[in-house]
Amino acid sequence: MDVAAYEKLLPDITPRNKPFWDGCAAGELRLQRCTDCGRHRFPDAPVCPQCLSSSASWEAVSGTGTIWSWCTMHQRYFAAFADEVPYRLVYVRLTEGPLVISVLADEPDELRLDLPVRVVFRPSPGGRVIPQFSTGDLVTAA
Amino acid sequence: MAMKDVAIVGVGSSDFGRLYANKSHPNDAYELAAEAFKEALDDCGATQQDIDGLLCINIKYGQFGETVGLTAPGFVHDLEGTGRMSGVALQEAYALIRSGTADMVACVYATNGRSAGLKYGGGDADPAGAYDAMYGMTSTGAYVSMMYQRYSRLYGAPEDALAPLAVNNRANGARNPIAVFQKEIDRDEYMASRFIAEPLRKLDYCIINDGAVAFIVTSADRARGMRKKPVKVAATAGRAELSRSYISPDFYFSTSAAVAEDLYKKAGIGPDEIDCMQVYDNFLPTILFTLEGFGHAPRGESWEWVRDGRVELGGERPLNTSGGHTSESYMQGFALHVEAVRQLRGEAGDRQVENCNTVQYMCVSPIVTSHIFTAE
Chain A
1 MDVAAYEKLL PDITPRNKPF WDGCAAGELR LQRCTDCGRH RFPDAPVCPQ
51 CLSSSASWEA VSGTGTIWSW CTMHQRYFAA FADEVPYRLV YVRLTEGPLV
101 ISVLADEPDE LRLDLPVRVV FRPSPGGRVI PQFSTGDLVT AA
Chain B
1001 MAMKDVAIVG VGSSDFGRLY ANKSHPNDAY ELAAEAFKEA LDDCGATQQD
1051 IDGLLCINIK YGQFGETVGL TAPGFVHDLE GTGRMSGVAL QEAYALIRSG
1101 TADMVACVYA TNGRSAGLKY GGGDADPAGA YDAMYGMTST GAYVSMMYQR
1151 YSRLYGAPED ALAPLAVNNR ANGARNPIAV FQKEIDRDEY MASRFIAEPL
1201 RKLDYCIIND GAVAFIVTSA DRARGMRKKP VKVAATAGRA ELSRSYISPD
1251 FYFSTSAAVA EDLYKKAGIG PDEIDCMQVY DNFLPTILFT LEGFGHAPRG
1301 ESWEWVRDGR VELGGERPLN TSGGHTSESY MQGFALHVEA VRQLRGEAGD
1351 RQVENCNTVQ YMCVSPIVTS HIFTAE
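Protein chains in written order, with our numbering: chain A, 1 to 142; chain B, 1001 to 1376.
The set of hints was computed from the structure by calculation and includes no laboratory data.
Remember, predicted model here, so these are calculated numbers, not experimental data.
Just so it is clear, CB atoms sit at the ideal spot from N, CA and C, and this is done for glycine as well.
Heads up, some of the hints might be wrong.
Covered stretches of chain B (in silico footprint by chain A; criterion: 3 or more residues with CB under 8 Å from a CB of chain A, positions within the stretch not fixed) [to be verified]:
no. : segment
1   : 1128 to 1136
2   : 1149 to 1155
3   : 1161 to 1171
4   : 1265 to 1275
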């Protein structure tokens, strides 16, 4: 992969989202949580969309969720991903509510709707650690 | 003061097929817009001097106004070049006329996306934030493919469930002399189409082509003295579902159902009385979501409802009679408005729906809109 091209796709680290990236580096999924009404939000935002409070803290969350859906990208849209096609993307509903795009760290042959997953952390091509999800332990447990 | 009834009196559009055939020729969006605008004026017998409201979509009013000598309209507004603005533009024109703010409004849309190499993914016109792009997620089509993946598994839609829609659009395009694609396809050709964002195939995707559309909106009173039979805007309704993602967790069902309820009440017309449907089809699953949200088909069953010819020309409720966005042209919903007008005037030639008195436009997207048009 063209690492320089890939790194341009990563979100800029800003003072407001830095706790999220620090969490990834520490192996912990951290979300912003409204101090007034308790609502979790992702990505970081200046106010709570529910109560408009600007007071929020960053908290480690469960890291669990379910697969809302998925697709397999065949088209070469991004230069950085040109050699990766086809690749599978998932949309995960976190237990705390927010929905996030991600990929699976393991690649089970068969996926089904609402399959439980758990966050894992993997270095992206340039080294920055990003969240991915695993169907592994929880599937066996279910 | 009583609210005024509103009508579309003039329409114009490019010859999309001719433009597409001449691939090597780069098109100027303002040239295309000016041609469509002139055609719409000629269609109703108006001149630039009659236009006191100008809505430009995907082009800029300053350059367009100077290009066509429309330099002193009383009301001017640019709208972004997205499909959801097709319904919004007509709603804005409707509100301007209805309230008496303007007497005659021109809505003008143009794109030279093909000439400019626009890809609608990988950063071009992309709904994705960086938190999605870092995984390689991009393009509105990929978000729709995720909705369709979930839909098809929830409701048991088979792998070829979208084939009737792809086949129908092409069959209609074959009867439309200005369509980009005028060759019919069958189910097997659909199934052989390559994946873009699986489960969606190339034939589920709108075309990227150059062209322009214009329509002229005025009061029903003023419309009566004009060149052609006016098409009345019987009612229009809308509701947004705003989020950073294009994915709606219920495939825009509840938002669409709310719009439908409002629309049918205002119009005094229900889905069973619609003679012809124009459905915003950026990607074919959007048609299924639309038919269910607007009460044409039962929830979870639209993929069955569209089989067996129901939506074909000559069927119970013909759909996208010009060929829609996968066959006629991707004018982001604007050309579907023109087709509604042509059907109600009886100008649709080989694709004319018999006894066509009511046409519904529906756009399911982060701003869901729908209108019902009737022949005066």
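(message) Hints numbered earlier in the text: which of these fail when held up against the supplied structure?
(response) 3, 4
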